[in-house]
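Number of protein chains: 2
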Amino acid sequence: MAHTSPATVGMPVEEIDTPCLVVDLDAFERNVDKLGRYMRDHGLRHRAHAKTHKSADIAKVQIERGGACGVCCQKVGEAEALVEAGLRDVLVSNQVVAPKKIARLAALATRARVLVCVDDLGNVDDLSAAAVEAGSTLECLVEIDVGAGRCGVAPGEAAVALARRIADRPGLAFAGLQAYQGRAQHVRDHGERRALIQTAIDETKRTVALLEAEGLPCAIVAGAGTGSFEMEGASGVYNELQCGSYVFMDADYQRVRDSGDRPISEFENSLFILTAVMSKAKPDIAICDAGLKAQSVDSGMPLVFGRSDVEYLKASDEHGVIADPGNVLRLNDRLRLIPGHCDPTVNVHDWLVGVRDGRVEALWPVTARGALL
Amino acid sequence: MAHTSPATVGMPVEEIDTPCLVVDLDAFERNVDKLGRYMRDHGLRHRAHAKTHKSADIAKVQIERGGACGVCCQKVGEAEALVEAGLRDVLVSNQVVAPKKIARLAALATRARVLVCVDDLGNVDDLSAAAVEAGSTLECLVEIDVGAGRCGVAPGEAAVALARRIADRPGLAFAGLQAYQGRAQHVRDHGERRALIQTAIDETKRTVALLEAEGLPCAIVAGAGTGSFEMEGASGVYNELQCGSYVFMDADYQRVRDSGDRPISEFENSLFILTAVMSKAKPDIAICDAGLKAQSVDSGMPLVFGRSDVEYLKASDEHGVIADPGNVLRLNDRLRLIPGHCDPTVNVHDWLVGVRDGRVEALWPVTARGALL
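Heads up: the sequence lines are chains A and B, in that order.
With my numbering applied, the first sequence corresponds to residues 268 to 640, in that order.
With my numbering applied, the second sequence corresponds to residues 268 to 640, in that order.
Take the hints with a grain of salt, since some may be wrong.
Partial pick of chain A residues on the chain B-facing surface, computed with a CB cut under 8 Å [claimed, not checked]: (1) ARG417; (2) ASP584; (3) GLY637.
Taking beta-carbon pairs under 7 Å as the criterion, some of the chain B residues facing chain A (in silico) [said to hold, decoys possible]: (4) LEU292; (5) LEU559; (6) ASP584; (7) HIS586; (8) ALA590; (9) LEU598; (10) GLY637.
Simulated from the structure, these hints should not be mistaken for lab results.
Quick reminder that beta carbons are idealized off the backbone N, C-alpha and C, glycines included.
Could you put together the complete structure from these sequences and hints?
This is the structure we're talking about:
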């Protein structure tokens, strides 16, 4: 089920087959460098979120060039694929509760440092039993809900109860807190975002202090994303930030503004869907070859990069309808689309084609594509 | 990059790993039988659209059990994967205009009957040159735009010019018309849908007559989908119908009603996303393990099958938020979700798990998953 790759290394960009994902390596490296510098300058660890790119190659750039301490991912299957590809420090920043998945996670911890989030007392017992059985240690972060309304227990006493249970159980190590305010990341307005994150910081600080007072110090206080990391970074509370989308950016993140009404930290779009015109039977529209199966439109339509004369209007399964009011597009013309939402868009592709100076420089498999289990 | 399968044949359904796609084989077979009977009773050919399921196994059931004459797909890569898996009659119901793709299509036509749609005169010349080079014959359908506003030339003279060019060129055979009204398929109201399809029928009939008068008879007059096939089927104009979604159905197609305000032809939901609760830290919501990477939400959120007490509210990358007002859900509880839109949902999965009588009976690879090129 692996498919023909859209490019080979050394090929001129004009010859890349479409539709596919291309990575502008210069912009990508500037994003990696920019965040790496920030983390170094502020004495923070960056645990890069690999759910964005699902690529072991990109994770290695984030670690070796950007100074990241390791990666996060969301599924045991992603963790397995990344460890298989050489990664050695992986947090599953999510709950793992199904018995088979717990057994796989415990086995994986014999091959790499593996951390996982918990928000349920019974789950702590299950993780402990599996780790003992596998002869491994699972480091556990207690997840608190700091406003995202998703996973995680309430900050405060519930977190202490979980931490104590973890510390008491064999095969487990209490490693700290997961306190990610996911809902705030895409809030456009800087002031509104700041208010949400301030609440998250306050709740996290209170919980860290409570744990400390109970003899359960947090080695890791984790969270933050591309939309908010400078806030958690300046808090004095968080010490391990989990930015992922910053490497690629997308149309939706470009709408999230900093205090000067600029895109956050001036990260650049480095990920594009390369598409070609495949029907031009009408003067005012063109049909391109990238539709719903080449991207996710959950956060809106993609933007056409570097063009104000044409616009991506709508997507059907295999087609995109491009408004072409000037009738300038021709068959086989190529466009670069900025995906509406990078993470689920990467997940429908098998390859990332790295380009620089008009040539294909890298061809990276999407290592953990489709790793749902 | 092939991942662990979520099930093995013979396994009780309770042991299937999540999230994954399950097919209720009884409902699936009833759908196949129902459409097969309709086609037989009306003297029509069914060319099953494989873009829905991308599965050679399902295509073979549609052909062997349902009487389909062959399959359609939308990409050369899909056609290659299906021919590789044993299919022998494949229409790429789409334009193929990139030189590399044309060469692959012409080569494929040495191994199977291959048909393709055209809406550009220059493309006819390119297809001809490639077929001559490969020593194959490409059967071409002229695509007319009968209201979908996507690919295809205007009905009438433009179609005649294309047909004549095809007939004149070596390596090609003029096979008829592609006249698919895609926009009408999901129109909820029966009367409104009927009006759109009637226009498509009228325009197609006129074009068929014009071609006939020019000595270019149409062996194939193709189109129709799950939302409208009984209208094209009764037209006396169309003779090859391309229904695809009927095998699975989805939440959106369930909202499309027939003249008696019932779901179209009473096809049943046979495709489900099996998901499990992975966080239950709050009384009124549960978090399940199927988010944006386990489905496409372009046509809305999935429905929870057979349950009125819980509701799938929203999706983030790897999570679904389930309203659980009665606090009835527990960790590892399973739900069956009816996808909002079946085609792009299947495209993010590697496997279809066929179930019957509480056991896994079939494990089908999604043969052409991700075949974008």
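Going down the list of hints, with the structure as the test:
Below 8 Å, beta-carbon pairs count as interface contacts, and ARG417 (chain A) has one with chain B at about 6 Å; its hint therefore holds. For the restraint placing ASP584 (chain A) at the interface with chain B, the shortest Cβ-Cβ distance is roughly 5 Å, inside the 8 Å limit, so the hint holds. Nearest Cβ of chain B to the Cβ of GLY637 (chain A): about 5 Å, under the 8 Å cut. The hint holds. Because the closest C-beta pair between LEU292 (chain B) and chain A is about 22 Å apart, greater than 7 Å, the hint is violated.
Checking LEU559 (chain B) against chain A by beta carbon gives a least distance of about 4 Å; that is within 7 Å, so the hint holds. Given hint, ASP584 (chain B) at the interface with chain A, holds; its Cβ is 5 Å from that chain's nearest Cβ, closer than 7 Å. At a threshold of 7 Å, the smallest CB-CB gap from HIS586 (chain B) to chain A is about 6 Å, leaving the interface hint in force. The closest approach between the C-beta of ALA590 (chain B) and any C-beta of chain A is roughly 12 Å, which is over the 7 Å cut-off, so the hint fails.
Hint status for LEU598 (chain B) relative to chain A: holds, with the closest Cβ pair at about 5 Å, below 7 Å. Hint on GLY637 (chain B) holds. Least Cβ distance to chain A is approximately 5 Å, under the 7 Å limit.
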